[in-house]
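Engineer: Protein chains in written order, with our numbering: chain A, 1 to 333; chain B, 1 to 326.
Hints should not be assumed to be uniformly reliable.
What follows is a list of derived Cβ distance ranges for each label pair [said to hold, decoys possible]:
1. Val314(A) to Ala228(B): 32 to 38 Å
2. Glu248(B) to Gly92(A): 37 to 43 Å
3. Gly92(A) to Gly240(B): 37 to 43 Å
4. Leu179(A) to Ala185(B): 46 to 52 Å
5. Ile105(A) to Ala47(B): 57 to 63 Å
6. Ile105(A) to Phe62(B): 31 to 37 Å
7. Phe167(B) to Glu104(A): 25 to 31 Å
8. Thr66(B) to Ala122(A): 55 to 61 Å
9. Phe62(B) to Ala122(A): 49 to 55 Å
10. Phe62(B) to Gly121(A): 25 to 31 Å
11. Arg182(A) to Phe62(B): 41 to 47 Å
The calculated EDC-like cross-link candidates involving lysine to aspartate or glutamate, where the alpha carbons are at most 20 Å apart (straight line), are [said to hold, decoys possible]:
12. Lys126(B) to Asp197(A)
13. Lys190(A) to Asp258(B)
14. Lys325(A) to Glu274(B)
15. Lys119(B) to Asp158(A)
16. Lys190(A) to Glu77(B)
17. Lys126(B) to Asp195(A)
Covered stretches of chain A, going by a simulated chain B footprint (3 or more residues, C-beta under 8 Å) [said to hold, decoys possible]:
18. 181 to 188
19. 198 to 208
Hints are computed from structural coordinates only; laboratory data are not their basis. Yeah, the Cβ is synthetic: ideal placement off N, Cα and C, and Gly gets one too.
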Amino acid sequence: MDEFNRILEQTLAEFIAPTTAAYAMAAIGLNLHFGYTGLLNMGQAGFMLLGAYGFGIATMAGLPFPVAILVALAAGTVFALILGMPTLQLRGDYLAIVTISAAEIIRWIGRSTWLQEWTGGASGLQGRDYKDSFHATSPLGDGRMALGPLEYINTGSDSWWTRIFAWGLVALVLLFVWLITRSPWGRVLKGIREDEDAVRALGKNVYAYKMQALVLGGAIGALGGVLYALPLAIAPDAMSRTMTFFVWTVMLLGGAATVFGPVLGSMVFFAAYMLMRTGMRAVADNTGIGDVITTSNVEQIGGMLVGVTLMLLVIFRPQGILGNKRELAFNAH
Amino acid sequence: MPTDESITTTPESVADTAAAAAVAPVTTHHQQVLAKLATVDHVPGAAKPDAIITADHVTRRFGGMTAVDVDHLEVQEGAITALIGPNGAGKTTFFNLLTGFDRPNQGSWTFQGRSLSGKSAAAVAKIGVVRTFQLTKALSRLTVLQNMLLASTHNPGENLWLSWLPFTWQKHEKAATEKAMEILARFKLDTKASDFAGSLSGGQRKLLEMARALMTDPTVIMLDEPMAGVNPALVQSLLGHIQALRDEGMTVLFVEHDMHAVRHISDWVVVMAEGRIVAEGPPASVMRDQAVVDAYLGAHHDTDLGDDSLLDPKILARLEAEEEKR
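All chains should be built: construct the whole structure from the sequences, respecting the hints.
Structural biologist: Structure, rendered in structure tokens:
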């Protein structure tokens, strides 16, 4: 019974975990790309990694916390501009190819030795190197606090302050995205998603709108990278293709082109992911299945199941949890 | 069956009734347009009294094939001009060039005296030359009303910096909605305003596309095969709408395959073949131009393929025999 409670507790903790907020943030950005504008960004992890690097390096260079956040946003913006300028004139598929390779390039540059001084090479940046300025912003002080079964330190890496800050930022960005996507500007994006030539024929500068969406979503992705780095460390290999596909799963699970989809998707995804892994471990330890699914295989099987989930989702419920089934019926032109 | 008398009449009488319809102007505006066009020579590249669009030496080559090679074309302001010709004549390519959706190898064209060459599709539309597409581009996952509002021009809310401040654009949005509902009512789509455009029938999508183009208050409206895939009952209504646009002072340029439609509503016909303009004139005279008829429309262009008489093997045999002799 104790074990059962522990599994439930860990699952519950995932709902408010800082990493869940980080993925929600990245998915909000990706939603602006894909859900609203129809841009196939297959390298959101690249934006996140660049945001994390920008934040970490700026902090280590002695810049104050808010400025370091701005550096992260600027990094995402510049990356989006560089990727968008040659590709947004072309057909959508090209952006997918370019983003996936650009994200890999960022990762390989990050883990190479010639920028080791700043990026820490393959081992990345240690948390203690860049977290002090963030911890200094905490109004909560030292000590611990318990809320129901969840108990964390007030200030620190895995703390209440990290959670409050991360979810506060998600809420703020979500409010902003909600405001802009319900506006005529958001309507133009949706028009472009449906048929960009039709929008062009009505006198709209499609390229400019696509660039705005790419930059905004990329900058939000970079912010997601910052949130991801706050409770952990900045390790280039932890922020690669797998991360991109997790962000995609989160966004599609919640529902593309819905406002709360990315947040709900992230919560459901990570809670289910945690439940699945801790549950499998418990089952493997305590029953005969342990001979087949050993504890050391749980991570791999978990990863496989995420892939299967993404496929099932796209095939059987492409509109996600919050999406409108009716709206999706016209997907084919 | 639609109640269109031409379907049951013989080919010759179709031509006559159509010509009669075309030369019976209802409005003074139309009378003036026809009077002006009466002074124009029936030759390719003829100068018009009030040319709103003028194209010179426009060439577009795809590899070794010359798709468009137009020496000179003037489009009369306030008139309905039809651009006809066989498949592959370069009509749509020429349309794409004029509207900035394609770039020519050489050539220049102007709108109201201002050069349009090299302008982007969006810029052309902003100036007042708005087009529709052969394959209808309804924005499926937007509602009919959203489709219309998207076309509204100078909407401050379409600027990212203002978009999150609703008070900066709500007034414009309200006015645009009223205008959109008026236009939709005219096209009998107002009851569908909150439906997704993807749920409309093919013909309704054509209407929506035309209505959407009107939202931009265009000076020139260019329709690429507006009747394609539309049922005969709706064709009549579409023709009426196009004539109404002309009578409101808009210039209409349209590409069409349906000769019946062309004869009914156009004030001027431009015939293209193999990328060139080969003939120009009022519908009645161009249609009677034997060279145009034979070479570009086919000898039996007058024969309605939906005509029941074609089911009669005797008539079919006679037509085939005539074709043999030619």
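Engineer: Now tell me if each hint is right for this structure.
Structural biologist: Now for the hints, and whether the structure bears them out:
Against the hinted window of 32 to 38 Å, the Cβ-Cβ separation of Val314(A) and Ala228(B) comes to about 34 Å, which satisfies the hint. Roughly 38 Å separates the CB atoms of Glu248(B) and Gly92(A), a value that falls within the hinted 37 to 43 Å. The beta-carbon spacing between Gly92(A) and Gly240(B), approximately 39 Å, falls within the hinted interval of 37 to 43 Å. Against the hinted window of 46 to 52 Å, the Cβ-Cβ separation of Leu179(A) and Ala185(B) comes to about 31 Å, which falls outside the hint.
Checked against the hint of 57 to 63 Å, the C-beta distance between Ile105(A) and Ala47(B) comes to roughly 59 Å, which is consistent with it. At about 36 Å, the CB distance of Ile105(A) to Phe62(B) agrees with the hint of 31 to 37 Å. Restraint check, Phe167(B) to Glu104(A): a C-beta distance of roughly 45 Å breaks the suggested window 25 to 31 Å. About 58 Å separates the C-beta atoms of Thr66(B) and Ala122(A), a value consistent with the hinted range of 55 to 61 Å.
Under the hint 49 to 55 Å, the C-beta atoms of Phe62(B) and Ala122(A), about 50 Å apart, fit the expected range. Checked against the hint of 25 to 31 Å, the C-beta distance between Phe62(B) and Gly121(A) comes to roughly 51 Å, which is inconsistent with it. Range check, Arg182(A) to Phe62(B): Cβ separation about 43 Å, and the 41 to 47 Å hint holds. Simply put, Lys126(B) and Asp197(A) have alpha-carbon atoms about 14 Å apart, close enough for the 20 Å limit, and the pair holds.
Our distance criterion of 20 Å between C-alpha atoms is broken by Lys190(A) and Asp258(B), whose separation comes to about 34 Å. For the hint linking Lys325(A) to Glu274(B), the alpha-carbon distance of about 47 Å lies beyond 20 Å, and the restraint is violated. Annotation: proposed proximity of Lys119(B) to Asp158(A) is violated, straight-line Cα distance about 56 Å (limit 20 Å). Between Lys190(A) and Glu77(B) the CA atoms are separated by roughly 35 Å; this puts the pair beyond 20 Å, and the hint is violated.
Our distance criterion of 20 Å between C-alpha atoms is met by Lys126(B) and Asp195(A), whose separation comes to about 18 Å. Counting residues of the region 181 to 188 of chain A whose CB falls under 8 Å from any CB of chain B gives 6; the rule of at least 3 is met. For the region 198 to 208 of chain A, the assignment as covered by chain B holds, since 9 residues bring a beta-carbon within under 8 Å of that chain's beta-carbons and 3 suffice.
The earlier numbered hints that this structure contradicts are 4, 7, 10, 13, 14, 15, 16.
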